[in-house]
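Residue numbers for the sequence shown, in my numbering: 149 to 288.
Derived CB-CB ranges, DEER-like: (1) Ala262 <-> Asp183: 33 to 41 angstroms; (2) Gly198 <-> Pro237: 25 to 33 angstroms; (3) Thr186 <-> Pro274: 18 to 26 angstroms; (4) Gly276 <-> Asn254: 30 to 38 angstroms; (5) Glu256 <-> Asp189: 38 to 46 angstroms; (6) Pro187 <-> Gly258: 35 to 43 angstroms; (7) Asp183 <-> Gly258: 35 to 43 angstroms; (8) Glu215 <-> Ile260: 20 to 28 angstroms; (9) Gly198 <-> Val284: 16 to 24 angstroms; (10) Arg219 <-> Pro187: 24 to 32 angstroms.
Hints listed in this document are in silico derivations from the structure and should not be mistaken for laboratory results.
The beta-carbon is built from N, C-alpha and C at its ideal position, and this holds for glycine as well.
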Amino acid sequence: MTDSDLDAFLAGDRLDHVVLYLTDDALGDGGTVADYGTPVDGGVVLVVPGEKGRRLFSAGTGMDAMEFAKRAMGTEGDIDRDLTGGTCPDCGEGATYVLAFAEARNEEVGGIYAEGDVIHAYAACPDGTAFSDRWVVDEA
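Model the full structure from these sequences, guided by the hints.
Here it is as structure tokens:
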């Protein structure tokens, strides 16, 4: 992955990819998941095709990606727009990991989806709280 991969995802140009951010603590000894990513302050970011990303998420966290996302949707929180962290709505600590995907603009659905491509982000806190955030690409 290059910085431009993340930039392309954040711009809505990689709708078929998944972004994963795992802190150094979440990675433990690193393992193979860290080998796929780009080191950032405090962790690793990966931008990979969807199915591969879901498999890597499961390998890195021990959870099924879609089950995690479904659980996280129940609690709204703040996830960093660069997808390298977030703030736990319960304890105020930083996110241990983030999973994100983008969905193409869909005027038929309406609401936020009619405004443009939407990034869906899901994160977990050190205490296990899962939370979500979403925003329109290029939204200030």
